[in-house]
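Visitor: Residue-level listing of the chains:
2 protein chains.
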Amino acid sequence: MKLAHIRSMKFSIVGTGNAAWHFTKMLLEADHTLLQVYARQPHKADEFVAWFGGEHAIEPEELSTENDLVILAVSDQGISEVAAKIPAEVKLAHTSGGTSLSVLPQKQRAVIWPLQSLTEGVDIHYKNMPMCVQANDDEWQHELVRVFGGISDKCFGVSEEQRVALHMAAVWANNFSNYMFRVAEQICKVHELPFHVLQPLIDETAQKLHSTSPLAAQTGPANRGDLNTIKRHLEMLRNNKELSDLYRSISEQIMNHRNGF
Amino acid sequence: MKLAHIRSMKFSIVGTGNAAWHFTKMLLEADHTLLQVYARQPHKADEFVAWFGGEHAIEPEELSTENDLVILAVSDQGISEVAAKIPAEVKLAHTSGGTSLSVLPQKQRAVIWPLQSLTEGVDIHYKNMPMCVQANDDEWQHELVRVFGGISDKCFGVSEEQRVALHMAAVWANNFSNYMFRVAEQICKVHELPFHVLQPLIDETAQKLHSTSPLAAQTGPANRGDLNTIKRHLEMLRNNKELSDLYRSISEQIMNHRNGF
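Those sequence lines, one after another, are chains A and B. Count the first sequence with this note's numbering and you get residues 1 to 261, in order. Count the second sequence with this note's numbering and you get residues 1 to 261, in order.
Each hint should be verified, as a subset may be incorrect.
Since the list can't tell identical chains apart, any single copy or any two copies may satisfy a pair.
Distance condition first, Cα-Cα at most 30 Å in a straight line; then the derived DSSO-like pairs of lysine-lysine [unchecked claim]:
(1) Lys10 to Lys208
(2) Lys10 to Lys189
(3) Lys189 to Lys127
(4) Lys25 to Lys91
(5) Lys107 to Lys10
(6) Lys189 to Lys208
Just so you know, these hints were derived from the structure itself, not from any lab. A quick note: this is a predicted structure, and the numbers were derived from the prediction, not measured.
Start from the sequences and build out the full structure, keeping to the hints where you can.
Guide: Here it is as structure tokens:
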């Protein structure tokens, strides 16, 4: 039975956290049917069922092959352990961008990764939420892209390599940019300046990318080859080898790639 | 005559660009009086005067000592050249965070640096706009903080060292974080992925800082010590020494400073 041919898909959820909450909500809103809920802590599955409906599966072995899709929405560390207890015939998808598809031992396995933080109770406009889908068989991947494409306008299929690349790109865009903010905060602290005064600049930096590319948005001393300012900043960092090395590396790369990579 | 004792300050503007436009607007809205406008291109000064009022000063030498403040709102590179032509008795302030106070030869000199991008015609809620003020004499700095404190609730005085530190912090928060977005874009490009799918994560990274510190907001493989993921990412960057070195450095620093600097 192909998902593309059915109006309402039968799905089940493993886990009751933020991702489980949002996947259940988005699928129910799209008129799919919740069959079962399994959680390592039974009382949480009971609460979840009381809220969303479906049946409480007491053991992962009870997850039915009647499901068109079972979503494994547990912490990254829990994925392989819980997946091992789920029948091999169940069509299983985890939701972690940083976890390989191959950790699932199921015959039909997938990754459905929403590129947005999911927090229980915080509304998300699912239509605008980027999601990437990877599956171990092309036909199923197409079907999943079609199902989730009914929920999000930004749903797209990826290969294993693309998913890893996108996960790494997210590390630069999110984790590493946040480290830049941490360094800025530290500099403010050392010089008794309030970090929050940088918030408008930080907001602008993110906001600009809605209408321009990061290459076009690049400004600053390195971008205009202002070596005097760079020297003054490095002088100020002279007692911090880590930060002065990092300042130098990033400035050099900005200068080297002023016109693109 | 102290600024603090006068209700309406007399000011003049040098330049007619984005900063000139916003400084004039914010000061007029605060009931200060525009005396003169000077610009290197006379027709631009005429247009500016037609819009905002005041008199067109044909030469910088004509800028009057009757002014309580003359704002030098020209490009960073133009500051010292134009300042040299303005009478030494004029109370002069430039508006560039990256330019030393000492490039102004005037007896009373200041820097008034708004930490926000100023674009002509784009409204800014001046009350929330951070501005820092540095002057070569304490009493005048106090007066300027009071005058601009009437415009912005986030106006504060700084020393030369603090201004340089804040400028460098802005380089990390704005220019260097933007470079992280550029690398993310490049990775997407190489792997034929759409960069815009990272926009929600980028927006979130900036947005989070309204309610939490960058230290608390830090997530990612390095922050949780996930060496397998780091290894997989470095493997993907194996043919790009620049980016793999930078990935390694930032990850190491995140690991070293997981609990703060």
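Visitor: Confirm or reject each hint.
Guide: Structure-based check of each hint:
1. In this homomeric assembly, Lys10 and Lys208 never come within 30 Å of each other (Cα to Cα): the closest approach is 41 Å inside a single copy and 36 Å across copies.
2. Taking the shortest alpha-carbon separations for Lys10 and Lys189, neither the intra-copy value of 54 Å nor the inter-copy value of 36 Å comes in at or below 30 Å.
3. Taking the shortest Cα distances, Lys189 and Lys127 sit within 30 Å of each other only across copies (24 Å), while inside one copy they are farther apart (41 Å).
4. Taking the shortest alpha-carbon separations for Lys25 and Lys91, only the intra-copy value of 20 Å comes in at or below 30 Å, while the best inter-copy value is 63 Å.
5. Only within a single protomer do Lys107 and Lys10 lie at most 30 Å apart by alpha-carbon distance; the minimum there is 18 Å, versus 78 Å between protomers.
6. Taking the shortest alpha-carbon separations for Lys189 and Lys208, both the intra-copy value of 27 Å and the inter-copy value of 19 Å come in at or below 30 Å.
The structure fails hints 1, 2 (numbered hints given earlier, in ascending order).
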